[in-house]
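Based on the sequences and whatever the hints tell you, model everything.
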Amino acid sequence: MHEIFLIRNTFERIEEEFPEKFERVSEIHLKIGLLSNVQPILLTNAFKAFVMEFPQYYNTKLIIDTLPVIISCKCGAKTKVKMNRFVCERCKDPCRNIIQGEELFINEIKFKNKNEYDET
Amino acid sequence: MNTTKPKSSRITAGSVDTEHVSLNLLRANDFVAQKIREQLKDILVINVCSSPGSGKTTLMQKTGELLKGKLKMSVLVADPETDRDAVRMKESGINALQIVTGGICHIESQMILQAIDLIDLEGTDVLFIENVGNLMCPSSFDLGEDYRVTLISTTEGDDKPRKYPKMFLTSELMLISKLDLLPYLPFSVEAVTEDARTVNPDIDVLEISSLKDTGLDAWIQWIQTKLEEKKNKNNYK
Numbered sequence: 001m002h003e004i005f006l007i008r009n010t011f012e013r014i015e016e017e018f019p020e021k022f023e024r025v026s027e028i029h030l031k032i033g034l035l036s037n038v039q040p041i042l043l044t045n046a047f048k049a050f051v052m053e054f055p056q057y058y059n060t061k062l063i064i065d066t067l068p069v070i071i072s073c074k075c076g077a078k079t080k081v082k083m084n085r086f087v088c089e090r091c092k093d094p095c096r097n098i099i100q101g102e103e104l105f106i107n108e109i110k111f112k113n114k115n116e117y118d119e120t
Numbered sequence: 001m002n003t004t005k006p007k008s009s010r011i012t013a014g015s016v017d018t019e020h021v022s023l024n025l026l027r028a029n030d031f032v033a034q035k036i037r038e039q040l041k042d043i044l045v046i047n048v049c050s051s052p053g054s055g056k057t058t059l060m061q062k063t064g065e066l067l068k069g070k071l072k073m074s075v076l077v078a079d080p081e082t083d084r085d086a087v088r089m090k091e092s093g094i095n096a097l098q099i100v101t102g103g104i105c106h107i108e109s110q111m112i113l114q115a116i117d118l119i120d121l122e123g124t125d126v127l128f129i130e131n132v133g134n135l136m137c138p139s140s141f142d143l144g145e146d147y148r149v150t151l152i153s154t155t156e157g158d159d160k161p162r163k164y165p166k167m168f169l170t171s172e173l174m175l176i177s178k179l180d181l182l183p184y185l186p187f188s189v190e191a192v193t194e195d196a197r198t199v200n201p202d203i204d205v206l207e208i209s210s211l212k213d214t215g216l217d218a219w220i221q222w223i224q225t226k227l228e229e230k231k232n233k234n235n236y237k
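Protein chains in written order, with UniProt numbering: chain X, 1 to 120; chain V, 1 to 237.
Hint data in this document are derived by calculation from the structure and do not stem from the laboratory.
None of the hints are false.
Below are the SDA-like pairs computed for lysine to any residue, each with C-alpha atoms no more than 20 angstroms apart in a straight line: (1) X:K48 to X:F22; (2) X:K92 to V:N200; (3) X:K82 to V:T198; (4) V:K68 to V:D120.
See the structure below:
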């Protein structure tokens, strides 16, 4: 798997988006759908390995929110996909209209305020 | 402000600033993939995926033979190490370039963008990208392809699609390979097709044996149809 790549990307995205304060990042929240092929535990391990290389992020926390797969059928029903069976719970029709489960993004970032960062 | 506060009072919830964002972690990859799509708008690009050893390279060699005189094909072939596959294909007269990923489990679009500068695509109708043998990671990376084709060989077991849902969910065609071994194996074409369609009801399914020349006409036909569709779509633009 490519967890290290994703962690590197996470920091690069934050640096790109917040060039003036990325070094002060204190908490990163990721949303990860079950279909993204990413294992939270492996991602957490990759994160630990990454901060060993970059000690300035040693106190940064990673919080992962895993999202189940949900499909939305033409009949209007929404089904939580279990055992990768992409079938509507109500009308039993096959359905691949995925409305949740493919996420792989950062949805919240916390930064230490500048004064506090300068003291540490 | 110049007022000095006792240090302890500064460590409050207010001392952290929070940004609510939606930053896609694969944005860089998707952006490059789009660039590839624009650059290769006249070539049919097919991303070929599967487990290791399910017959991707043999299929490429056979496809090269069958397309000879009809269409020009080129192949970008990726492996973690060695250029063996590209050598094999060049021996069959196919215009091929090896991408060595250096241990990485998948191809990223950036690798393709670099590779298409190094391979001569003059006159090419179909470009195959033979991905790293892996049913997991490659499924997350858009390479700028038009179609994703996944091979599943009869030796792998017919329960794979739901074990690796993302790959089958994002593929347009499933090729059941090594069909000639079917009599010796507890593998059911019906079961694997049903399993794949549980994940992706729209997936096309073809049965082939590259070594025994079974079902390859339908595969060649599929390629030709998709190429015509792409050309027609370009003409309407």
